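Residue numbers (our numbering), protein chains in the order written: chain Z, 1 to 139; chain S, 1 to 139; chain C, 1 to 139; chain B, 1 to 139.
Don't read these hints as lab results, they were simulated from the structure. Since the structure is predicted, the reported quantities are computational estimates derived from the model, not experimental observations.
Identical chains blur together in the list; that is why a pair holds if it fits in one copy or across any two.
Simulated crosslink set (DSBU-like; lysine-lysine; CA at most 30 Å straight-line):
1. Lys7 / Lys67
2. Lys67 / Lys89
3. Lys7 / Lys89
4. Lys122 / Lys89
5. Lys7 / Lys122
Number of protein chains: 4
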Amino acid sequence: MRTSLLKHTHVLRIRYSETDQMGTYYHSRALEWFERGRTELCRATGTPYAEWERRGVMLPLVEAYVKYLGMARYDDQLQMTSVLSMAGKASMRFDVTVEHAETGRPVCCGHTIHAITDATGKPIRPPGWVMELIDPAGD
Amino acid sequence: MRTSLLKHTHVLRIRYSETDQMGTYYHSRALEWFERGRTELCRATGTPYAEWERRGVMLPLVEAYVKYLGMARYDDQLQMTSVLSMAGKASMRFDVTVEHAETGRPVCCGHTIHAITDATGKPIRPPGWVMELIDPAGD
Amino acid sequence: MRTSLLKHTHVLRIRYSETDQMGTYYHSRALEWFERGRTELCRATGTPYAEWERRGVMLPLVEAYVKYLGMARYDDQLQMTSVLSMAGKASMRFDVTVEHAETGRPVCCGHTIHAITDATGKPIRPPGWVMELIDPAGD
Amino acid sequence: MRTSLLKHTHVLRIRYSETDQMGTYYHSRALEWFERGRTELCRATGTPYAEWERRGVMLPLVEAYVKYLGMARYDDQLQMTSVLSMAGKASMRFDVTVEHAETGRPVCCGHTIHAITDATGKPIRPPGWVMELIDPAGD
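If we strip away everything but chain Z, and leave its shape as in the complex, we get (with noise of 0.2 Å):
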């Protein structure tokens, strides 16, 4: 089966909030770091993720890993790009890379997978116009 893929990146820097007291970033900023990446993959396909939760179509997550690569301090700013598939029927996975924008020096890197259901929280399959942003060719 071959599995659609979508690529986005986007910078940003690390803020005062996300240091910790050992002088890098606090470790759970990744997650939220690659949140943000999701949501402006997800802007980039037409069809932001506010969009998709309208409609009743949310994400939760179902497993998260961080791979942690490097230094990173407070106002250093990163490059992350975010490549989405499918994970099954009805799963998405993330996989994401985190870098210095400027050297290119790998900071973290990671996947989430996110279960697709209702606003009730029961699983789905992916509606039509999910999988149109998906796999725009249909195959």
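Position chains S, C and B against the provided structure of chain Z, taking the given hints into account.
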């Protein structure tokens, strides 16, 4: 006009996730602690705040103020005292002080003011059961 | 006494991680946004705040205030204007307004007051290069 | 090689600040809870983690994983069990399970892997006093 008072004390520890690179707690965490205090104060009245929202009474913020009084670090144990009062007919006020649990040295103090609204965000007069919690004597 | 003024505008989007179950943004996030604004204002002066700290000048919070003016939701684009002024001889003040980027509808406003300290937390008069940034005309 | 095990259970409540607009907790909070668990596990060994850092031993993250197993909401009381083990000669691993305190229904589980470094971030073999905490029997 006499305003009713409710007072509650809660003890917590500063989390690593609440520190920043200055080596103290990141300042906005104080507002998250204040909310922990409100939650425990409401529970102490006999009706947890989660139950307030299930009954359709929300307390969105109108105003928040924090004064930072002294250093506090990761894993320090803090004692927080919250005092609830009415602030007008459709709003509530919590005054909070946070100090080191062992020494009593001040950490911060402040207040939050909350509208009383229904689930749609429309301001309402507090229902009888809320007034009863706040002022059991009814005067 | 004339106090010098610096003004900067920054645009951001509300992250999913910044929402809460009331369906709006969790109120303490406003202080995190204010900090983003300070960071960008400092960068606009030519000396990023990360460089301030490397030079041993810290701006720990003395006071923070937020007034909540209107609803804002996940993915809304916000425009934030920060104005820097001196607040006495060894402290600074940032006044901030946040509004919807498209409509100008107000979201919140507030201020933060910061001590000016060395790396050990001891209050200092701002060094010449700080005064120069804030008041290039020197009057 | 036998790896030593340490186990600790901690109870916490979901904060309002940890919720999101989906009505559950925002997923990255799990990693903040895991850290609360590590803090309490270290305290239970007799040497709080704050003391580890004062002695120049840091535990920066190498890897984090969370599996989301079931719904949990604001103010729910959660019971979190953390198990510490060595993961190679210069890294530690915490395995964590989080469940509803009353019912035992699963909420999430996962692990974190940490390098053991000095204050400059350089990997080190754990000092004797660390090994002593982890494996008092010394075998």
